[in-house]
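With the sequences and hints as input, model every part of the structure.
The opening position of the sequence shown corresponds to residue 118 in my numbering, with each subsequent residue numbered one higher.
Among the hints, erroneous ones may be present.
Unchecked claim - Okay, derived cross-link-like pairs now, BS3-like style, lysine-lysine, Cα gap no bigger than 30 angstroms in a straight line:
#1 Lys-209 with Lys-199
#2 Lys-200 with Lys-189
#3 Lys-199 with Lys-189
#4 Lys-209 with Lys-189
Don't read these hints as lab results, they were simulated from the structure.
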Amino acid sequence: MASAVSVSRQVVSAALALLLLVAGFWASWGTAQHVIFQTGREHGHVLLDRCDGGTCGGAFEPSAEGPVRTPKVTMDRSVGEKKGARLPVVIKPDTAQAVRVGPAGFFKAWIPLGGALLLASVVIAGGMRHRRLAWITGGAGAVLLSAAWATLSL
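Shown next, in the form of structure tokens:
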């Protein structure tokens, strides 16, 4: 009986940890795909002229010659993005939503996965009793979140 409880605890904990990691990846992928696969998207810079709440907006300056399809864009606000900043961005297809590119944009896109790694490490340590795997998972999440913070605050 005791081994059945132990096995079921580990199975449930593994399923929960996997669910957390899949949800973190899915939440990150919505933005990360635009940062990773930039070909065929409109590139340029945004000059932020307003930041309020969780969004910033400004004028879009395309990198390539041609008609400007999106003169004004908005983007999610994070640390380091202030009024007057000029940031490299890529435009999401068929929207006026910009996504920051470069190292800062890459790490910012993966912030939800970093949080999911930290949460999953607690489940792995407590429910599955795999301390080494929990330290590796939590360390990966901490490194990812630290890299995001460091690149966004530069």
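| request: Provide an ascending list of the numbers of those earlier hints which the structure does not satisfy. | output: none
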